[in-house]
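Undergrad: Keeping their order, the protein sequence lines are chains A and B.
Quick note, in my numbering, the first sequence goes up one by one and the last residue is 668.
Quick note, in my numbering, the second sequence goes up one by one and the last residue is 161.
In short, the hints are calculated from the structure, not lab data.
Do not rely on the hints blindly, as some may be mistaken.
[As the list claims (entries may be wrong)] Distance windows between CB atoms, simulated:
id, chain 1, residue 1, chain 2, residue 2, range
1, B, S2, A, E327, 46 to 54 Å
2, B, G8, A, R76, 53 to 61 Å
3, A, V470, B, Q99, 46 to 54 Å
4, B, H76, A, S242, 39 to 47 Å
5, B, H76, A, E256, 52 to 60 Å
6, A, P211, B, Q99, 15 to 23 Å
7, A, G455, B, K100, 38 to 46 Å
Note that beta-carbon positions come from the ideal geometry of N, C-alpha and C, so glycine has one too.
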Amino acid sequence: MWTCKNLWKKLAPLARSSSTLCRQNARGVLLNNERRLPLVPQAHMSSGTPGSRGDNNLYYLLVGATCVGGGFYAYRTIKGDKERYQERINEIASRPNKVVPEQPITEAPGEQAAETPQEPSVELSPVEVTEEPPAPVVKSEPTPVAGSLPAETAEPQTTTETESAAEPATVAPAEVPAPTPVEFPSHAPYLLIGGGTASFAAARSIRARDPGARVLIITDEPDLPYMRPPLSKELWFSDDPSVVDTLRFKQWNGKERSIYFQPPSFYVSPQDLEKVENGGVAVLTGKKVVHMDVRGNKVTLSDDTEISYDKCLIATGGIPRNLQVIERAGEEVTKRTTLFRKVEDFKALDKVSRDTKSITIIGGGFLGSELACALGRRSADSDLEVIQMFPEKGNMGKVLPEYLSNWTTAKVKSEGVAVITEALVKAVSFKDGKVEIKLKDGRVVKTDHIVAAVGLEPSVELAKSAGLEVDSDFGGFRVNAELQARSNIWVAGDAACFYDIRLGRRRVEHHDHAVVSGRLAGENMTGANKPYWHQSMFWSDLGPDVGYEAIGIVDSSLPTVGVFAKATAKDTPKAATEKSGTGIRSESETEGTASSPVASSTPEPPPVLEQKDNYGKGVIFYLRDKVVVGIILWNVFNRMPVARKIIKDGEEHADLNEVAKLFNIHDD
Amino acid sequence: MSYCKQEGKDRIIFVTKEDHEAPSNAELIADDPNDPYEDQGLILPSGEINWNCPCLGGMASGPCGTQFKEAFSCFHYSNEEVKGSECIDNFRAMQECMQKYPELYPQEDENEGVAAGGADATAPDSSPAPVASSDSTLSSPTPESAPSSDNTPPTDSQAAS
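My request is simple: use the sequences and hints to build the entire structure.
TA: This is the structure in structure tokens:
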């Protein structure tokens, strides 16, 4: 009994260790405990318990050791807490010192001075700045640094600060002599972190619903918001030699447009955002949000500027994943590796495709296959060798059922790509001027350049400072069905792991989803309170014969039912698209040459076509517990609303052939 | 005749045109036009204008969004014999604004496009459309404002409701 009481008293301070009051109490209690121990045995013995003296001694020894251990642990925890408490008090105390925009320039050198004590020459002017009241410098440490107190301004910054300060560190010497203050708005009613598709869709939604809204987009890229799909599709098929600079492409209907959602004149400059009469959308480029203060409703940028908000959207997207073997392979390999996502990656890869003889794409999903086809197309006019390798058995192996994946692989091969399936990369090295890729089964591939398309890592760095939940299954910020993470914080796009009422919790990395979720987030930021309901779709083109649109959960591990139109001579994809004028973009541009690839890829003469399985067009249903959760429209276009309806209904259909009839796959 | 085969967990059915001639007996649940979750067309069930309709492209959200909203609202609620005849000033203000941004609003006849009004849009409801194609944003099926972002033929006839 007395053991329990003591244990409880020891646990209590541990459990409540973050509160000041209890800390003080705990101290007292601990001391009391330690004093009490010698007393208790006497009482115990006097009551005459059974058991030998030896046993009792052992008992006391064990308990005593536990108490001392517990007490020691508690003491350490409390000491650590005291330090953290001190830092917190310091931070709160230094907050009243508001930072004026001009100060970041002077503060930044102050940090660098603290950070790089080994470079005294750089410090000459910044050192004077550090002599200034330490409060502003302390103020610029949003994350409590262990043991930092007002007096210790020279304390080197840690982790997040070093990361962000590292960039200004190199720029600071140039900044200090010419401190032209870049004016940011100090407050944005609507703050959108990230300048991609989801962010732009949200901005548009907000502006449509809230008259005169002032929206600030902060992006670490140098570009205004643009759309990504053309970077791996249309831009590669453009006839314009200056496409790398203009970034314009031809749409399915023949009309040309830029990848940028809007030209620069659409946006308001950040300085004018607070003043312009009817509000607008401003984009702050080249700035990264490194810290989020949810309690104070503000964010901190990499240059220590603070911007407060009323409502915030996190649309930070993600960064391409890399293979560990490449990361560890050394600089000669990594500088010959492209992780493809942004405009600059497209420009770089375009240049590489002209300057090298061999490119290998690692990855057999959407991006990898599209790039392989794009580069394969280009290789027709040059002596560029294009290789694609991936662990699956066929292209889109994780998306398409096996028979279709095999069929697609054959099509990709006919685009001029050397496809290596079931390839696991074991090691990569740079030898004799070539990048050497060793596969697990012993095969060796020698190439000039690697493109790694092995997935996306959602950017959730802000989760820590903002105290937001990160999903362990899908990655990304965990949000509810209305895309809300906290009261005034929403997340949309690639970084959002949201609850889909029909299909369950998921995270989607497609363009249309970014648009749909961005729009929804914008609506909810202006009070709509609507859940994710309109199902987004996605599409892909792999050469002139394969174009599909899809919706819902399209995972090859699910059972599927595919209904295909039995091909007759007139039902080739090429004939279908030419007749309807819709369909595959790449084909519309290269109609003249399309006939030859088609002829070569279907070597069987028409009579044989009837017998051999030709998956020219059709619809594939993906089932989960007998309910259709995903649909692919294979070379069948303009039917997405029907597909969306079927998924929305979520019904069990006894005969999927009957459902397939709704699509009229033979028409076109 | 159609034939069917099974490859593991995947079923494959080949059907001819005749097989699919008979109307489908698959049952779809009737849509509720007042479903609050659904994306609405240009005109909401309440009669108000849905400024967030993708069919409008960026008209309501751009630099001239306010003027556009005023002009179009005036037109929409106008009960004059010649609809919108009292809205000339609003339209003029809108046109003046748009002239300041020729890049965004290429100068074609604005009045014609807007006055025709209506929800005739085949724009996919989930693609941000360029503002540039102002002349036919509303009046005609909007290939320009449509699917630049997703590059598919307009698959979602959103405004039909």
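Undergrad: Each hint: holds or not?
TA: Against the structure, the hints:
no., hint, in the structure
1, B:S2 x A:E327: 46 to 54 Å, "holds, 51 Å"
2, B:G8 x A:R76: 53 to 61 Å, "holds, 58 Å"
3, A:V470 x B:Q99: 46 to 54 Å, "holds, 49 Å"
4, B:H76 x A:S242: 39 to 47 Å, "holds, 44 Å"
5, B:H76 x A:E256: 52 to 60 Å, "violated, 33 Å"
6, A:P211 x B:Q99: 15 to 23 Å, "holds, 22 Å"
7, A:G455 x B:K100: 38 to 46 Å, "holds, 45 Å"
Of the numbered hints given earlier, the model fails hint 5 alone.
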